[in-house]
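Trainee: Sequence:
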Amino acid sequence: MNLSIRKQLTIIFIGLVAGMFLLNYLINTFFLEDYYYLNKRKALVQAYDLLNGNISEDATITDETKSALDDICDQNNISFVVTDGGFEALIYRVTGAAEYRKLLQGRVNGYVISLDMDATVLEKTDQYTIQKKYDQEMGTDYLESWGTMDGGYYFLMRIPAESIRDSVRISNDFIKYICIVGILLTAVIVWFVSKRITRPLNELTELSKRMADLDFGVRYTGGGSNEVGQLGEHFNRMSENLEKAYSQLMTANNELQRDIEKKTQMEERRQEFLSNVSHELKTPIALIQGYAEGLKECINDDAESREFYCDVIMDEASRMNNLVRKLLTLNELEAGDEQVVMERFDIVPLIRNKIQSVTLLAQQQQAEVLYWGPETAPVWGDEFKTEEVITNYLSNALNHVEGERKIEIRVKENDTKVRISVFNTGKKIPEKELGLIWGKFYKVDKARTREYGGSGVGLSIVKAIMDSFHQQYGVKNYENGVAFWFELESGSQPCHEENEG
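When we follow the UniProt record's numbering, the leftmost residue of the sequence shown carries the number 1, and every step to the right adds one.
No lab work stands behind these hints, which were simulated from the structure alone. The reader is advised that the hints may include incorrect statements.
Below, computed lysine-lysine pairings styled on DSS-like, alpha-carbon distance capped at 27 Å [what the hints assert, rightly or not]: (1) K476 with K427; (2) K124 with K66; (3) K476 with K412.
Given the structure is predicted, the values throughout are model-derived calculations rather than measurements.
Please construct the entire structure, taking both the sequences and the accompanying hints into account.
Mentor: Below is the structure:
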């Protein structure tokens, strides 16, 4: 066992604790500062409402208002100044030298006459604006609120952003230390607790291992009245019964197993084949029946509709005929009924003829089919079956071409082999499905396959043909598309005996 239950429990609990701590740390890192800013914005609004609602006509405030305002400013480190129309300070609360008060007066003037608007606005109303501002003279960022009051006064309130960042930094450092201590403590506790839980399970594991090696004389001795103890007793009883029956069943079981496996495989193949064929034929049969009934009932009397109904019936009948033809071809290939005639031929003219034959279809698809390779490339193989492979690859490429809508057929020679690949731009095949596409009736995109009439048999035919050639074939994903390829013996080499019909 590569990873014991004890280790798994430890890892799971440590992972959960670490995940919670990490989540908390990430939330603090990415959202705590914004949360602080949100609270400080509320504090600025609260201070503004308190000051605006209690300032008198002669620009004074009561002691009660001043005390409440001082509490808000102390809690949030707010400095402010209220000026008249000439931007003279009437009420202010400034931490630091008198020059800082004058600086705030100048800032109010600049904001009111729009001389200093290089700031990030967070909230804007008819009375005030809340913004983030970097003060070059002070060399730091501020959260500011400025605007007008009901008495015609101007104001500026600001909170240094450095205090907000310090709070976030201290909070993150504290959480980091708590994370480390919590993870270590969790690891120690879970490690010792899991030891007690897994001890009887380890004994049962060893017991099952020895029973798997046909040692039925072993017994569980861990005891206990819980579920694990009951499982141990059941193991003991099972061991006794198996020891008695093993010698009697071994020979009969071997024979029976062979028969069952053979019948099961045959039944699975039969059911799979019937299921796939019925699935593929279900839709066209239903369409033919429906449109034929429509014609019989004269649902549409005009000639154009009748012609459309007939076209649908013919298309679906053609689809069924094509599927049956491919299934017969595939059945003959898999059964080995057809002889593979190995002969030497030039594959390049064959490829060029196939390109010429699909030119109209490619134009309808707005696709461009290109050939890259030598002018001649002699190979060994069955020319008719090789053409069938290229036809299936090219048809597959036309049905899936997207993006730049290019199809490239490449021929590459080496000392003993000639590789032919058909590439089309478009979506990649999921990696987990690359080994499945060669199976009968397998379709990566079943909905789209129905659009162009694909049956999922074409690549199975390719597989059967290449297996009969004893040659390599495959598929490869690229960033901008997919390439299907196969190899044949080079015509400059003598044909290997294993490839002869």
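Trainee: In ascending order, which of the hints set out earlier in this document are inconsistent with the structure?
Mentor: none
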